[in-house]
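Undergrad: Here's the letter readout for the chains.
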Amino acid sequence: MVDSAGLIDRASAPLLASPQLQPEPDSPKGGKFVLEKVVDGSLSSEKPLVLDSSGEASKPSSDEYAKLLRRILLAALMVSALAVSISAFFFDLHVASSLLAGALSGILYLWLLGRSVGKLGNGSKNVSKTQLLVPIVLFLVVVRLPQLELIPAILGFLLYKPAMIIQVLLESWETSNLKN
Amino acid sequence: MDSITTAASVVAAGLAVGLGAIGPGIGQGSAAQGAVEGIARQPEAEGKIRGTLLLSFAFMESLTIYGLVVALVLLFANPFAG
Chain R
0 MVDSAGLIDR
10 ASAPLLASPQ
20 LQPEPDSPKG
30 GKFVLEKVVD
40 GSLSSEKPLV
50 LDSSGEASKP
60 SSDEYAKLLR
70 RILLAALMVS
80 ALAVSISAFF
90 FDLHVASSLL
100 AGALSGILYL
110 WLLGRSVGKL
120 GNGSKNVSKT
130 QLLVPIVLFL
140 VVVRLPQLEL
150 IPAILGFLLY
160 KPAMIIQVLL
170 ESWETSNLKN
Chain V
0 MDSITTAASV
10 VAAGLAVGLG
20 AIGPGIGQGS
30 AAQGAVEGIA
40 RQPEAEGKIR
50 GTLLLSFAFM
60 ESLTIYGLVV
70 ALVLLFANPF
80 AG
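Chain order of the listed sequences is R and V.
All residue numbers for the first sequence refer to numbering that gives the first Met the number 0, where the first residue is 0 and numbers rise by one.
All residue numbers for the second sequence refer to numbering that gives the first Met the number 0, where the first residue is 0 and numbers rise by one.
This is chain R alone, in the form it adopts within the complex (with noise of 0.2 Å):
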C-alpha cells in the first residue's frame, strides 16, 4: 500500500473515507461479546460482562407455557372423567368404555400437540403432523374391535375441546379478578 518514498499506491488501496485507515481483518460481527474492565490502562478480566440473550432470560416464560399445558391436560382429564361416569350411569359400560378410549386418545393427542408447540422454534421450523395419527389408530381400533361404538369414541376424542375451553374461560376470568 505504502511504497518506499511514502506515497500511498491509490490502486490497490481499499475505497476508504480516509485513506490512512485500515479495515480490521478481525472486526466483530455478531454474536457473544465480552466487556472487560479498564482498570488502570490494563485490561482486568476478574468478572467480565457478558451479554447473551439467550438461555436464561426465556426460562420463566416457557415455565409458564408448561405450566398452562399441564393445566389444559388435567382439566382434560377430569372432563372425561365426569363425561365417562355420566355415561356409564346414564348408558351401558360398551358405551363409556368408548368414550373412555376417546377421551385418553384425545388426551395423547392434545400432549403431542403441545410438545409440538412447544418445540417449535427452538428447534423445530414447523409443527409436526405424528399427533394427527392418533385419531387415524383410534377409528380403525374402535373398526376392528365390537366392543367398541364408534360415534361415542369419536365424541370422547372431540373431549378435549370443551376442556380447552374451561381452562381459557378460568384463565381469563383469573386475569380480570387479579386486574380489580
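If you're looking for bench data, these hints aren't it; they were derived computationally from the structure.
A few of these clues could be false.
[Unchecked claim] Cross-link-like lysine-lysine pairs, in silico, DSS-like; alpha carbons within 27 Å at most:
{"id": "1", "chain 1": "V", "residue 1": "LYS47", "chain 2": "R", "residue 2": "LYS160"}
{"id": "2", "chain 1": "R", "residue 1": "LYS66", "chain 2": "R", "residue 2": "LYS118"}
{"id": "3", "chain 1": "R", "residue 1": "LYS66", "chain 2": "R", "residue 2": "LYS128"}
{"id": "4", "chain 1": "R", "residue 1": "LYS160", "chain 2": "R", "residue 2": "LYS118"}
{"id": "5", "chain 1": "R", "residue 1": "LYS124", "chain 2": "R", "residue 2": "LYS66"}
{"id": "6", "chain 1": "R", "residue 1": "LYS160", "chain 2": "R", "residue 2": "LYS124"}
{"id": "7", "chain 1": "R", "residue 1": "LYS118", "chain 2": "V", "residue 2": "LYS47"}
{"id": "8", "chain 1": "R", "residue 1": "LYS128", "chain 2": "V", "residue 2": "LYS47"}
{"id": "9", "chain 1": "V", "residue 1": "LYS47", "chain 2": "R", "residue 2": "LYS178"}
{"id": "10", "chain 1": "V", "residue 1": "LYS47", "chain 2": "R", "residue 2": "LYS124"}
{"id": "11", "chain 1": "R", "residue 1": "LYS178", "chain 2": "R", "residue 2": "LYS128"}
{"id": "12", "chain 1": "R", "residue 1": "LYS128", "chain 2": "R", "residue 2": "LYS118"}
{"id": "13", "chain 1": "R", "residue 1": "LYS66", "chain 2": "R", "residue 2": "LYS178"}
{"id": "14", "chain 1": "R", "residue 1": "LYS160", "chain 2": "R", "residue 2": "LYS66"}
{"id": "15", "chain 1": "R", "residue 1": "LYS66", "chain 2": "V", "residue 2": "LYS47"}
[Claimed, not checked] Sample of chain R residues lacking proximity to chain V, with all beta carbon distances greater than 12 Å (derived):
{"id": "16", "residue": "SER61"}
{"id": "17", "residue": "LEU73"}
{"id": "18", "residue": "ALA80"}
{"id": "19", "residue": "LEU81"}
{"id": "20", "residue": "SER84"}
{"id": "21", "residue": "ALA87"}
{"id": "22", "residue": "PHE90"}
{"id": "23", "residue": "ASP91"}
{"id": "24", "residue": "VAL94"}
{"id": "25", "residue": "ALA95"}
{"id": "26", "residue": "VAL133"}
{"id": "27", "residue": "LEU137"}
{"id": "28", "residue": "GLN146"}
{"id": "29", "residue": "TRP172"}
All C-beta atoms in this analysis are idealised placements derived from N, C-alpha and C, irrespective of residue type, glycine included.
Since the structure of chain R is provided, determine the placement of chain V on it from the hints.
TA: Chain V in isolation, oriented as in the chain R frame:
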C-alpha cells in the same frame, strides 16, 4: 357394495381430507408465522404466545380431524354400503 358406490366413496374420502386440510393448513401457517415473529420481538411474552398458539392450533386442527373422520367413515364404516 357395488363398484360405483365404492369408487364414489373413495373419491369423496380423498376430497374430504384434501379440501378440509386446505383452510387449517393456511391458518396454521400464518398463526405459526405470527407467533414466531411475536416471540422474536418480545421474548418475555413467549409463554403467553405459545399458549395462545397451542389453543389456536388445537381448534384449527379439529377442522382437519372432522374431514379425516368423514373420510375414515366413508372408507371403513360406509353407511351407503348395502
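Undergrad: With reference to the structure, classify each hint as holding or not holding.
TA: Here's how the hints hold up against the structure:
1. LYS47/V / LYS160/R: Holds. LYS47/V to LYS160/R sits at ~19 Å (cutoff 27 Å).
2. LYS66/R / LYS118/R: holds, 15 Å
3. LYS66/R / LYS128/R: holds, 23 Å
4. LYS160/R / LYS118/R: Holds. LYS160/R to LYS118/R sits at ~22 Å (cutoff 27 Å).
5. LYS124/R / LYS66/R: holds, 23 Å
6. LYS160/R / LYS124/R: OK: LYS160/R and LYS124/R at ~26 Å, within 27 Å.
7. LYS118/R / LYS47/V: Holds - the C-alpha atoms of LYS47/V and LYS118/R are around 15 Å apart, at most 27 Å.
8. LYS128/R / LYS47/V: holds, 23 Å
9. LYS47/V / LYS178/R: holds, 17 Å
10. LYS47/V / LYS124/R: holds, 19 Å
11. LYS178/R / LYS128/R: violated, 38 Å
12. LYS128/R / LYS118/R: Measuring from Cα to Cα gives roughly 13 Å; hence the hint holds.
13. LYS66/R / LYS178/R: holds, 21 Å
14. LYS160/R / LYS66/R: holds, 18 Å
15. LYS66/R / LYS47/V: holds, 11 Å
16. SER61: violated, 6 Å
17. LEU73: holds, 15 Å
18. ALA80: holds, 20 Å
19. LEU81: holds, 20 Å
20. SER84: Answer for SER84/R: holds, closest chain V Cβ roughly 24 Å.
21. ALA87: holds, 24 Å
22. PHE90: holds, 20 Å
23. ASP91: With a cut-off of 12 Å, ASP91/R remains clear of chain V, as the shortest Cβ separation is near 20 Å.
24. VAL94: Answer for VAL94/R: holds, closest chain V Cβ roughly 17 Å.
25. ALA95: holds, 21 Å
26. VAL133: Contrary to the label, VAL133/R does not stay out of reach of chain V, its closest Cβ about 9 Å off (not over 12 Å).
27. LEU137: violated, 10 Å
28. GLN146: Given that every Cβ of chain V is farther than 12 Å from that of GLN146/R, nearest at about 15 Å, it holds.
29. TRP172: holds, 16 Å
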